[in-house]
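Asks: Sequence:
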Amino acid sequence: MNDMSTKEIFDKFTGVMIFRATMSRCRFEFLINCLRFDDKETREERRASDRLAPIREVFDHIIKMCGEYYTPTDCCTIDEQLLSFRGRCIFKMYIPSKPDKYGIKILMMCDAKTAYMLKAIVYVGQTTAPPNIAVPEYYVLELSKSLVGSRRNITMDNWFTSIPLAKHLIEKELTMVGTTRKNKGEIPESFLDLTGREKNTAMFAYDGPLTLLSYCPPKSTKKKVVIMLSTLHDSPDNNNEVELPEIVHFYNKTKGGVDVFDAMSKKYSVLRKTKRWPMCIFYGLLNGIGINTWVLYKCSKAPNKPDIKFRRTFLKELGLNLIEEHLKERVQKPTLRRDIRESIAAILKEPMPVDPPGSKEHSQGRCGFCPRKRDRKSKTRCAKCKIPICLDHQVKICQRC
796 MNDMSTKEIF DKFTGVMIFR ATMSRCRFEF LINCLRFDDK ETREERRASD
846 RLAPIREVFD HIIKMCGEYY TPTDCCTIDE QLLSFRGRCI FKMYIPSKPD
896 KYGIKILMMC DAKTAYMLKA IVYVGQTTAP PNIAVPEYYV LELSKSLVGS
946 RRNITMDNWF TSIPLAKHLI EKELTMVGTT RKNKGEIPES FLDLTGREKN
996 TAMFAYDGPL TLLSYCPPKS TKKKVVIMLS TLHDSPDNNN EVELPEIVHF
1046 YNKTKGGVDV FDAMSKKYSV LRKTKRWPMC IFYGLLNGIG INTWVLYKCS
1096 KAPNKPDIKF RRTFLKELGL NLIEEHLKER VQKPTLRRDI RESIAAILKE
1146 PMPVDPPGSK EHSQGRCGFC PRKRDRKSKT RCAKCKIPIC LDHQVKICQR
1196 C
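The sequence shown finishes on residue 1196 if you use the numbering used here, and the numbering steps up by one all the way, no holes.
Rather than coming from a laboratory, the hints here were simulated on the basis of the structure.
This one's a predicted model, so the numbers in the text were calculated from it and none came from an experiment.
Check each hint, because a few of them may be wrong.
[Stated by the list, open to error] Cut-off 20 Å, straight-line C-alpha distance, at most; resulting in silico cross-link-like pairs (DMTMM-like, lysine to aspartate or glutamate):
1. K977 x E993
2. K1179 x D1134
3. K1018 x E993
4. K835 x E852
5. K1050 x D952
6. K1014 x D988
7. K900 x E937
8. K1018 x D988
9. K908 x E863
10. K979 x E932
11. K1128 x E1145
12. K908 x E1041
13. K1070 x D833
14. K940 x E875
15. K1018 x E984
16. K1062 x E875
17. K1070 x D895
18. K977 x D952
19. K979 x D1002
20. K1100 x E1112
21. K979 x D952
22. K940 x D855
23. K1061 x E875
24. K859 x D833
25. K962 x D952
26. K1172 x D1187
27. K893 x D1054
28. K1179 x E1137
29. K977 x D1002
30. K887 x E875
Between the sequences and the hints, there should be enough to build the whole structure, so can you do that?
Replies: The structure is reproduced here in structure tokens:
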């Protein structure tokens, strides 16, 4: 739906009834064009120290609410999401490995089991990180502040993983598992040497609570090694089910929290084509809210909770509930077009408001169906179109039908 033009969405024949019932196309375009998230008069002053100033207040408030209404499980995932955007933006990124290539990079932490978004930070290319802390490490520490002291685990990829970060997380009573880039100075040369190494073999190194793994995958086309760091595991045991080192098995099991969130965002997305990057971030927030509410709904143990099994159905019901009061007010407007009024009545599953028979005295008028030469007149009028109708052209129908 989000790849359709606004004209198509609101078209009487090719569009969707519920959009026209909610508002007109002109009204929708007017609201989108006028939508801003800050005070324009003070924007430049705030932008001097914060590149995200045009949407900072709204972004921080929504992210704060996401963290307050959910208790994460024992493992979280930190990774990046790329919001597709091709307009002008000083911190727009080019990531060739991503399907969209160009966009706004969001660093986020999600629950590894449910993909619930716990916290997110827009990568704007500048940080207030201390000089002795690397940028990836700074973002991990910022994203994981709410987990400090909880003894939870964080799974991450090789852009974030480092031994200094692992030691910092241990101080905060958190563990981590992640792949590591091979150019790190702490990795022994023997861990990278492929001479004489067979596939599906592993080497381990230990330094207190830190475990370093060098693993040669069995199914790779050419021989290579994967370097992993863990503070959660302290033994070289293999997983009995898949015959992999437990570190590799655990990483594969928990690495997809943000990837699942990103896939869910793209499946049912509100993202619209826009040249304004604050709108792109706003659409991304709406997608995240939709996913988070679905997770909260599934986790809810309310006794009267309706049984909704599919996210598509849930999002439709959520949208209907959000516009229900507005539709009830709009249908009462006397100037509203009749087809829109009928659409609203159908959505609300209520009879369309009509004047009850005999509520008004009408003067005689010529029947709208009889030929003019017959000149048949009647005081009875159609409840919908209000034209006079004679007895020959009347049909009895109940109010519900």
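Asks: Hint by hint, note whether the structure agrees.
Replies: Now the hints, each set against the structure:
Our distance criterion of 20 Å between C-alpha atoms is met by K977 and E993, whose separation comes to about 19 Å. In summary, the hint linking K1179 to D1134 is supported, as the alpha carbons are separated by about 10 Å, within the 20 Å threshold. Restraint check: the Cα-Cα separation between K1018 and E993 comes to about 8 Å, which is no more than 20 Å; the hinted pair holds. Between K835 and E852, the direct Cα distance comes to roughly 13 Å. Compliance with the 20 Å bound is thereby established for this hinted pair.
Note on K1050 and D952: the hinted pairing holds, with a Cα-Cα distance of about 8 Å set against a maximum of 20 Å. Only pairs whose Cα atoms come within 20 Å are accepted, and K1014 paired with D988 is accepted, the gap being roughly 19 Å. Note on K900 and E937: the hinted pairing holds, with a Cα-Cα distance of about 16 Å set against a maximum of 20 Å. For the hint pairing K1018 with D988, the CA-to-CA distance comes to about 11 Å; that is within 20 Å, so the pair holds.
With a CA separation close to 18 Å, the supplied pair K908 and E863 stays within the 20 Å bound. Only pairs whose Cα atoms come within 20 Å are accepted, and K979 paired with E932 is accepted, the gap being roughly 14 Å. Pair hint K1128 plus E1145 holds up; C-alpha atoms about 16 Å apart against a cutoff of 20 Å. In summary, the hint linking K908 to E1041 is supported, as the alpha carbons are separated by about 18 Å, within the 20 Å threshold.
Note on K1070 and D833: the hinted pairing holds, with a Cα-Cα distance of about 18 Å set against a maximum of 20 Å. About 17 Å separates the Cα atoms of K940 and E875, which keeps this hinted pair within 20 Å; it holds. Taken as a hint, the K1018 and E984 pair is honoured in the structure, with Cα atoms around 16 Å apart against an allowance of 20 Å. Between the alpha carbons of K1062 and E875 the distance comes to roughly 18 Å, so the proposed pair stays at or under 20 Å and holds.
For the hint linking K1070 to D895, the alpha-carbon distance of about 16 Å falls within 20 Å, and the restraint holds. A C-alpha spacing of about 13 Å is found between K977 and D952, which places the hinted pair at or below 20 Å, so the restraint holds. Restraint check: the Cα-Cα separation between K979 and D1002 comes to about 16 Å, which is no more than 20 Å; the hinted pair holds. A threshold of 20 Å between alpha carbons decides the hint, and for K1100 with E1112 the separation of about 13 Å falls inside it, so the pair holds.
Between K979 and D952 the CA atoms are separated by roughly 14 Å; this keeps the pair inside 20 Å, and the hint holds. Taken as a hint, the K940 and D855 pair is honoured in the structure, with Cα atoms around 15 Å apart against an allowance of 20 Å. Of the pairs offered as hints, the one joining K1061 and E875 holds, with about 15 Å between alpha carbons and a cut-off of 20 Å not exceeded. With a CA separation close to 18 Å, the supplied pair K859 and D833 stays within the 20 Å bound.
A distance of roughly 17 Å separates the Cα atoms of K962 and D952; the hinted pair therefore holds under the 20 Å criterion. A distance of roughly 12 Å separates the Cα atoms of K1172 and D1187; the hinted pair therefore holds under the 20 Å criterion. At most 20 Å may separate the alpha-carbon atoms for a hinted pair to count; K893 and D1054 meet this at roughly 11 Å. A C-alpha spacing of about 10 Å is found between K1179 and E1137, which places the hinted pair at or below 20 Å, so the restraint holds.
A C-alpha spacing of about 18 Å is found between K977 and D1002, which places the hinted pair at or below 20 Å, so the restraint holds. For the hint linking K887 to E875, the alpha-carbon distance of about 14 Å falls within 20 Å, and the restraint holds.
Violated hints for the displayed structure: none, as all numbered hints are satisfied.
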